[in-house]
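Protein chains in written order, with this note's numbering: chain A, 1 to 273; chain B, 1 to 347.
Keep in mind that the hints were calculated from the coordinates and are not lab data. Keep in mind it's a predicted model, so treat the numbers as computed, not measured. It is possible that some hints are incorrect.
In silico DSS-like links for lysine-lysine, alpha-carbon gap of 27 Å or less [what the hints assert, rightly or not]:
| # | chain 1 | residue 1 | chain 2 | residue 2 |
| --- | --- | --- | --- | --- |
| 1 | B | K341 | A | K263 |
| 2 | B | K345 | A | K251 |
| 3 | B | K190 | B | K233 |
| 4 | A | K241 | B | K330 |
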Amino acid sequence: MPLKIVVGIKWVPNTTSVSIDEKTGTLIREGVPSVVNPHDLIAVEAALKLKDRYGGHVTAISMAPPQAILGLEHVIGMGVDEGILISDRAFAGADTLATSYTLAKAIEKIGDYDLVIMGHETIDSSTAHIGAQVASWLDIPYIYYAVNLEYIEDKHLLRVRRILEDSIEIYNLRLPGLVSIAMHSDVPRRVSLTNKLRARIEKPIRVWSNKELDLDPNCIGLRGSPTVVAKVEFMPKVPRKQEVYKDGDPKEAAKWLVERLVKEGLLKIPGGE
Amino acid sequence: MRRAICRDWDEINPEDYKGIWVYMQVDEDAINEASLQLLGVAREIADKLNSHVSGVLIGSDVRALANEPIYYGADKVYLVENKAYSTYYPRLYGSVIVELARKYKPLSILVGGTMKGRELAPYIANTLRTGITADCTSFDADPETRDIVLIRPPFGAWMLAHIKNRDRRPIMGSVRPNVFPMPPRDTSRKGEIIIEDILVDIDPGVELVEKIPIEKKEELPIEKAEIIVSGGKGLGTREGFRSLEELADLIGGVVAGSRKAVDAGWIPHEKQVGQTGKSVKPELYIAVAISGAAQHVFGIREAKRVVAINIDPEAPIFDNADYGVVGDYKEIIPAIIEEIKRIRKRV
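So here's chain A without its partners, still in its complex pose (with noise of 0.2 Å):
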């Protein structure tokens, strides 16, 4: 029985771009791009071996404003089937409780689905929610942190392999179930032109907004959000001396640096200070 799997990706700014204004400690947004959430793409890179050994259906769902079509179009070029995209201002403003509500509508939207893969985190807010809250909220069995998945048809289950602190796991998951995948876990592969080119000529890509998903507005976007935002408080760069040793001959460089450490008690010298 071929999988039907439906993976979430977040559009996120490029935080290896990302810089911080040093003056008002914000971050600089402009001529940031946007990318797919790296850990995300591991999910995809997931649900697209577990496709390609097991045949089925990969779909890739997105909370996000219109941009980030571009995003589903980037998955879509890595070999996934189909994107929907939900975007509509009635789902901005929205904490983890209310955007995993709305991912979890659109899921049983979608309806027909064996496994919903997550990533790990996302790299602008990492709070690793989502997977466990749309998992609530649909009502099936989870377990994050997946490195290596393989389905076993006969049972109807997903043997999932996970690496915790201290241990290796190996569970079996009932499906329909959900996973989240473990960071570095795996390589993403490339955008194929091929596929690409097919996002863009069958425009495998479905927008939804409210009016599709039909939500009651006080359970999406701020309204539906129980957590806000009180204050923000901005943190003081700390002081250094900054006292830097420029002459460039290593070992009156070193003779420099270790004399003053161990004058501060910070490197144990036998019988020293």
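Let chain A serve as the given structure and place chain B on it in line with the hints.
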């Protein structure tokens, strides 16, 4: 007037919710340190609110541990013991805590941000239709409004976001291990153990087939280290870390790295310092070939002394260091090692 709420949420009265709960994660036959550390900060919050602290302990054979949360600062322990709970499954344990919370209505539930804790906590919050804040670094409590503010650094900024849970309870938060110190263990402390026979009617949907312990070197986590020698992209190769390890061994430190060193695969993610890694608070932090992006400097804001070694005199790390040496680490690090050995021999 109370605002209209989502039709999928139960109506609640926030005033009914009292007490601070901390989930006690059990690993094999001991309570995880991250859970015990949270009892200290839970105690502080509860004292401000004139409230109490409870530990929540779930398992099949955990009675012997039931006094531990009390020794570390809890007033009460909710003990849920049943053969059905011999193995942790997120949906199973999550449902038990949800049932307990529906019955006793805690003001707040805090969960240690271990891998399992980060998997479990959002399920509990969501099933209770309440909000949750990940990776809190401090808390504030207002005795007037009996409100708890969860404080966390938002990504990509030198700022702290104060997050409130408007009208939903319990207020939930997770806290990474070693953010708070371990409270003292006082075996003379007394408290109440409440035995709960909650049997949840839920199929965990997962089955643990095999568990293989990882033989770990007894390594100090970087958050606990007093001396850290940290390497960045400028090392050029994984081999560059060898001289850093040599220096760390010599001075009783541990090795860590910047995000770029982790992305390059030279050092594991658990040793990453910075905003997307860990915040550290050593006495001495030696940044080698790390340019010093604001995200990295954020992670060392609590270091007592920062040393920077970098070939680029313009690298921002020098503005954020106490002592800087401009030069090639391939020459500077061996020279430092030699110098330390020379002094040690002399005395």
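(message) Are any of the numbered hints broken by this structure? If so, which, sorted upward?
(response) 3
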